[in-house]
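Visitor: Single-letter residue listing:
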Amino acid sequence: MNQSNDNNMGVDLGEFLEFYLLDSSEQIERLGAGLLQLEKEGGNIGLINDLFRSAHSLKGASGTMGFTPIVAMTHAAEDLLDRLRQGKIEVSLEMIDILLAVTDRVKAMLVKVEQRQEISVGYEDLVISLKGLINGEKPVILATPQFSQGQEGAMAKFVPLNFSLSQDEGEKLNNAHMMGHGIYQVDVKFASGTLMKAVRAVMATQRLEGMGSVIKILPSLEDLEVGDAEGFSLLVLSDEPNEEIRRELLEISELVEVDIHPYPVGEGVEETEANEREVEVKGESVTDSERFIETTGVKSEITSEEIADVLTESKIFKPLPIQKIAVVPKVVVPVSTAPATEAVSGESNAQVHTIRVDTVRMDNLINLVGEMVITRTRLVQIGLDLKIQYSTDNMVNSLNEANVYLGRLMNDLQESVMRLRMVAIGTVFNRFPRLVRDLAKKTGKEIELVLKGEDTELDKTVVELIGDPLMHLIRNSVDHGIESPEERLASGKPQLGTITLDAYHEGNHIAIVISDDGAGLDLEKIRSIAVSKGLVGEREELTENDISNLIFLPGFSTAEKVTDISGRGVGMDVVKKALNNLGGMVDIATRKGKGTTFTIRLPLTLAIIQALLVEVGDEIYAVPLSSVLETLLVERTDIKTVGGLPMVQLRGNTLPLISLQEKFDLPVPETANEEVYVVVVGFGDKALGLIVDELRGQQEVVIKSLGDFLNNLPGIAGATILGDGKVTLILDIGSLIQDILVKR
Amino acid sequence: MAEEQLVTFSLGSEEFGVDIMSVQEIIRIPPITRVPKAPDYVEGVINLRGNVIPVISLRTRFGMTRVEETDLSRIIVLQVQTKVFGIRVDAVTEVLRIDSEAIEPPPSIALGMDSQFIRGVGKIGERLLILLALDQIMGGE
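Protein chains in written order, with my numbering: chain P, 271 to 1014; chain A, 60 to 200.
It cannot be assumed that every hint is accurate.
Capping the alpha-carbon separation at 20 Å, the derived lysine to aspartate or glutamate pairs in EDC-like fashion look like this [as the list claims (entries may be wrong)]:
#1 P:Lys-933 with P:Glu-945
#2 A:Lys-96 with P:Glu-932
#3 P:Lys-996 with A:Glu-128
#4 P:Lys-864 with P:Asp-792
#5 P:Lys-933 with A:Asp-99
#6 P:Lys-459 with P:Glu-521
#7 A:Lys-142 with P:Asp-978
#8 A:Lys-96 with P:Asp-792
#9 A:Lys-96 with P:Glu-364
#10 A:Lys-96 with P:Asp-1009
#11 P:Lys-996 with P:Glu-641
#12 P:Lys-459 with P:Glu-524
#13 A:Lys-96 with P:Glu-889
#14 P:Lys-795 with P:Glu-757
#15 A:Lys-142 with P:Asp-633
#16 A:Lys-96 with P:Glu-885
#17 P:Lys-310 with P:Glu-364
#18 A:Lys-96 with P:Asp-978
Which bits of chain A does chain P cover? Going by a derived footprint, with three or more residues having C-beta under 8 Å, they are [what the hints assert, rightly or not]:
#19 73 to 83
#20 88 to 102
These aren't lab readings, by the way, just hints derived from the structure by calculation.
Keep in mind the model is a prediction, meaning the values are calculated, not measured.
Just so it is clear, CB atoms sit at the ideal spot from N, CA and C, and this is done for glycine as well.
Input sequences plus hints: build the corresponding full structure.
Guide: Pasting the structure below:
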């Protein structure tokens, strides 16, 4: 189906597909998060409704796109959730497991879809498990024979009749529902004085056989034969549109009125007053849903019944206590008069305020703004030059005034545009509850993950790249940090371990804190392992902090056994490296028996940095201000060479120096100054002095990549364009320091 | 008959051609920022309307002697696959069409330069055009 669509629609489908993928992955995320919450909080009706809604829209969208496997799975999941929200079954652990497995499977399928491949992921097993859950605990609903004669006078408004189905018929209906077929109650009225009513009914049944199947007729044929019924009702399975059914039936003589309504499956009709009131509600929203179909012209595989389901979601049938139900109709009235799309779900209101934009377009915008900033600087320069030449001319003054105003606007514009790139870190955090749950289950630990500061915003690039290091640290906390429930109880801690993930702004940086209340690092063990692996000397004096930081050394792992969660000793140094690449660093604080806290500090954005411009010979370089500790003016005679490396004494410590002129093979100046500037830069706890000729001051610079080709040059992090339009290179302090350490 | 459109330029006495489809634009030499530690044939980087792009000195790349910049010196900005870069040439000469049949594979004994950069040799009357293999010029060792 997918393939044939591809041929027919070409480009259009691609566009839809993009929307579909975005929307679907959002729904899947929502489902995943909701399921975890469900596991924690149990049967919360609002939550189950949300889940149902997500599963439902996923099914609908997948159906439209023709991805049958996803439809099959989400449909079964939807059914299960439907049972849940009706209180027919209880939330159980295996249920959550299976539903989570469904989300994983759908995710895998979506990946296939994204790669424009056929969905080859199997799904039947999950559908069977889901059905097992549904059937295993499903009370027989459809065969309850308590409400059979109530249809008189109900023609005007739709009331789902109880057709008193046999077990067999009920089964058929359920299957059809599960397969996503349309199930309709068709109410037909005879013209007055119609003879041979039973024959008409049989004719109707026969006509409909061509389009589907009639499960039941009410009243029965015998009753029609003898009684004076004004009409009859059919329970029909069909995938044809309502109009087709109606036309077919109206062709039979003496049949005058045909009303077709989706028949709610799994919601038996009971004789309670509250229920009757709801039934009206249902009727209203059904017409609503039909209107929705008509106005939007959506003719997809979403049946009107399904839309009706969605529309009536806020007005659940059974599980609500009576007093709540009484309120429902009042709420419903405005909803059903509102546009159908809004009625679909309340949360759509909240989403209206965001739009999706391709990042390429955004980056382009940022580039253009950067260009404008540069051009403005030129304009200012021209204005100043003119002023010197024509100092008495008023027009020059006006030009300069306009320039100042333009400058302010540009600053605002630049800031606003930069803010576009900021994303809440919650998007990363949200995938961890699931991770922790699964890991905890695997290790037999009881762990709660507390998320804080999800709203904290940082640059999109950082958000994208921070996920993996964070995951490593969390895995580590689960595996090595939190103890087993028994150990915890033994040491007087609550059985449930807590891992907290927090994010907050700290000046120009953002801090991300991962803390656990586990056993803390075993410093002695770390030390002895480090010694045995030759990473530190046996006699070396180390502070607690030093020892903790040993775990970031390559090839270090204290785990006695290698687990598939963490271990193998590749973890922590990779984390550190990844964070360093982002311009960040990580600190550890640990207390034995109390837990461990990792604090990650990252720059807010990778796109703009404060930089100190320095001059070396004819060249200008930008040093990221975040690494600059201080600047010194040093007499050349104070620079001593120790082991081939220039050094200078700074407050009793020796500071290694690099001459940028030598490092970058710049031409040697003819006359050397008596004094040179030294920019002291630090990275982590290492410091280094850069020898430069002049300091040019501090400036905000926009980081530009040097492209794939010049990407990995030692000592160069990137480039930027200064006000005069010239390209200036940004120094990579991390790699410069690394270089010196290697030399030593 | 298949035809190719070429932008031709000169380096010293030799004439070269690149496929016109790869040429983004031809600019005068702007200030070039030297990039330390980059391969020697990378002259530096320039600002092309807000984008930083590398510039390659073809003379260095082909092992020719360097010359002073003249009024005719240009940078041809090329896009090869997704990479954008400039090549510095002595002068841009013309844009011309050439029959695909007039292009011969590179001679086994190269014209005093690495044959890996040569896609073929085009003959137009008495003129010989060296057609460049652009993907080899940038990196691609």
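Visitor: Hint by hint, which ones does this structure get wrong, listed from lowest number up?
Guide: 8, 9, 19
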